[in-house]
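*Asks:* Start from chain E and add chain P according to the hints.
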Amino acid sequence: MSLLLDLFLSFAQVGLFTFGGGYAMIALIENTCVEKKRWITHDEMMNITVVAESTPGPIAINCATYVGYRQKGLAGALAATAGMVLPSFCIIFAISKLLDHFLEITWIAHAFQGIKIAVGILILDAALRMLKKMQKKPAPRAFMLSAFAAMLLINVFSVRISSIVLMLAAGLASLVIFMVNRPAAKGGAGK
Amino acid sequence: MILLELFAGFLKVGCFAFGGAYGAIPLIRDVVLSYGWLDDEMLTYMIAVSESTPGPIMVNLATYVGSSQAGFPGALAATLAVVLPSFIIILLVTALLKTVLKNPFVQAVLRGLKPCMIGIILATGVFMIIRNGIVIRDGVLLIRPLLLTLVLGAVYFGSRKIKKGGISPILLICISAAAGIAVPALYAAGG
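Each protein sequence line maps, in turn, to chains E and P. Note that the numbering used here has the first sequence beginning at 1, numbered continuously upward. Note that the numbering used here has the second sequence beginning at 1001, numbered continuously upward.
Just chain E, with the same shape it has in the complex:
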């Protein structure tokens, strides 16, 4: 029981003190789970980061679920994940009740006129960072550019096509290319 409580409280602490989400949290999770509590090793932490990048969902949730499961099975996974989510849930729930009232105050409304420009810049920055890490090969570039063009058109003309459709199409196209190329590559190697 005390381990479950420890998992819950430790991740609640991570959830309460990390701003900006995602990669900002990994440092604190590593500090808590690897150095202080010794729940997992540094190598496991690296592995889980890689897995988190290839699976959907918030990276912090992925880490919490993994560490909790390793320590105490399903109950541990639940305790750690609930701890991770609870602080921000409470804070945002309180804000959601107040935001509309805040926005009626003129200077706060003005502040948000500036803030919405900053949000666009932050999203662009996140995309540019990922772009830098992307393999500089024709195939990923082609996928990236077609998705970029399609998404821009969808936005500009407010078409009701979900970006999920684009992602499914890209995944499928990539799979087809892989399957078409595979026998050819094998044949080439055989000669």
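By construction, these hints were calculated from the structure, which means they are not laboratory data. The beta carbon of each residue, even a glycine, is placed where N, CA and C say it ideally should be. Careful, some of the hints might be misleading.
Claimed, not checked - Okay, derived cross-link-like pairs now, DSS-like style, lysine-lysine, Cα gap no bigger than 25 angstroms in a straight line: (1) E:36 - E:72; (2) E:133 - P:1163; (3) E:133 - P:1164; (4) E:137 - P:1102; (5) E:37 - E:72; (6) E:133 - P:1102; (7) P:1163 - E:132; (8) P:1161 - E:132; (9) E:136 - P:1102; (10) P:1164 - E:132; (11) P:1161 - E:133; (12) E:132 - P:1102.
As the list claims (entries may be wrong) - Examples of chain P residues lying across from chain E (beta carbon under 8 angstroms, computed): (13) 1019; (14) 1030; (15) 1035; (16) 1036; (17) 1054; (18) 1059; (19) 1067; (20) 1083; (21) 1099; (22) 1101; (23) 1112; (24) 1118; (25) 1123; (26) 1135; (27) 1139; (28) 1153.
Stated by the list, open to error - Derived CB-CB ranges, DEER-like: (29) P:1134 - E:134: 25 to 35 angstroms; (30) P:1164 - E:75: 38 to 48 angstroms; (31) E:100 - P:1142: 18 to 28 angstroms; (32) E:181 - P:1135: 43 to 53 angstroms; (33) P:1154 - E:75: 48 to 58 angstroms; (34) E:74 - P:1100: 30 to 40 angstroms.
*Replies:* Chain P only, in chain E's frame:
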């Protein structure tokens, strides 16, 4: 019914949000706009609030949207839904020890998905910057939003040339809020 819609909508987000918080933003926009839960303006404000409050951005957004639509039960439904896919996926991956992710067919799908996601995020950022920065009212291009965009962009990206890492997203949001308040105040003062 709204609870079910919130759950289904954010389950989709949780299933397809590769690439962390910023990967989720285009998806959340999709879902939120198509159900008509929030307008684009309010969602943008909330992205800034989520970035400036602790916890995973995706979870923060889900809690807010859920709460704004259906109070506490709504917040609970949306938050659970956005967390559930990564929770289950990590349990499976931990059990199957990454063999799934090393499978060449899964790898092929991911090779298409990831650059596609980058393109989608890039398009969303570019679209938001253009829409918030280039505002044409009564056939006249408004100077203030354009100027604000150029200055904030220069400050954010320029700060990296001076100091490694540049300014943090939260600091950019604070600066943009101050600028948003200052600019109309200067105009009112006859500047």
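*Asks:* Next step is simple, just say for each hint if it's right about the structure.
*Replies:* We went through each hint and held it up to the structure:
1. E:36 - E:72: holds (18 angstroms)
2. E:133 - P:1163: holds (21 angstroms)
3. E:133 - P:1164: Cα-Cα ~18 angstroms, so holds.
4. E:137 - P:1102: holds (21 angstroms)
5. E:37 - E:72: Given that 25 angstroms is the threshold and the Cα spacing comes to 14 angstroms, the pair holds.
6. E:133 - P:1102: holds (20 angstroms)
7. P:1163 - E:132: Answer holds: residue 1163 (chain P) to residue 132 (chain E) is near 19 angstroms, not above 25 angstroms.
8. P:1161 - E:132: OK: residue 1161 (chain P) and residue 132 (chain E) at ~17 angstroms, within 25 angstroms.
9. E:136 - P:1102: Roughly 22 angstroms separates the two Cα atoms, so the pair holds.
10. P:1164 - E:132: holds (17 angstroms)
11. P:1161 - E:133: At roughly 20 angstroms apart (the allowed maximum being 25 angstroms), residue 133 (chain E) and residue 1161 (chain P) satisfy the hint.
12. E:132 - P:1102: Measuring from Cα to Cα gives roughly 24 angstroms; hence the hint holds.
13. 1019: Cβ of residue 1019 (chain P) sits 6 angstroms from chain E, so the hint holds.
14. 1030: holds (5 angstroms)
15. 1035: Result: violated, 11 angstroms to nearest chain E Cβ.
16. 1036: Result: violated, 12 angstroms to nearest chain E Cβ.
17. 1054: holds (5 angstroms)
18. 1059: holds (6 angstroms)
19. 1067: holds (4 angstroms)
20. 1083: holds (5 angstroms)
21. 1099: With a closest approach of 12 angstroms, the residue 1099 (chain P) hint is violated.
22. 1101: holds (5 angstroms)
23. 1112: With a minimum Cβ separation of about 2 angstroms from chain E (threshold 8 angstroms), the hint on residue 1112 (chain P) holds.
24. 1118: Constraint on residue 1118 (chain P) satisfied, holds at 5 angstroms.
25. 1123: holds (3 angstroms)
26. 1135: violated (10 angstroms)
27. 1139: This interface hint is violated because 20 angstroms lies over the 8 angstroms limit.
28. 1153: holds (6 angstroms)
29. P:1134 - E:134: 25 to 35 angstroms: holds (28 angstroms)
30. P:1164 - E:75: 38 to 48 angstroms: holds (43 angstroms)
31. E:100 - P:1142: 18 to 28 angstroms: Holds, since residue 100 (chain E) and residue 1142 (chain P) (Cβ atoms, about 26 angstroms apart) stay within the stated range.
32. E:181 - P:1135: 43 to 53 angstroms: For residue 181 (chain E) and residue 1135 (chain P) the Cβ distance comes to about 47 angstroms; the hint holds.
33. P:1154 - E:75: 48 to 58 angstroms: For residue 1154 (chain P) and residue 75 (chain E) the Cβ distance comes to about 51 angstroms; the hint holds.
34. E:74 - P:1100: 30 to 40 angstroms: Given about 19 angstroms between the Cβ atoms, the range is violated.
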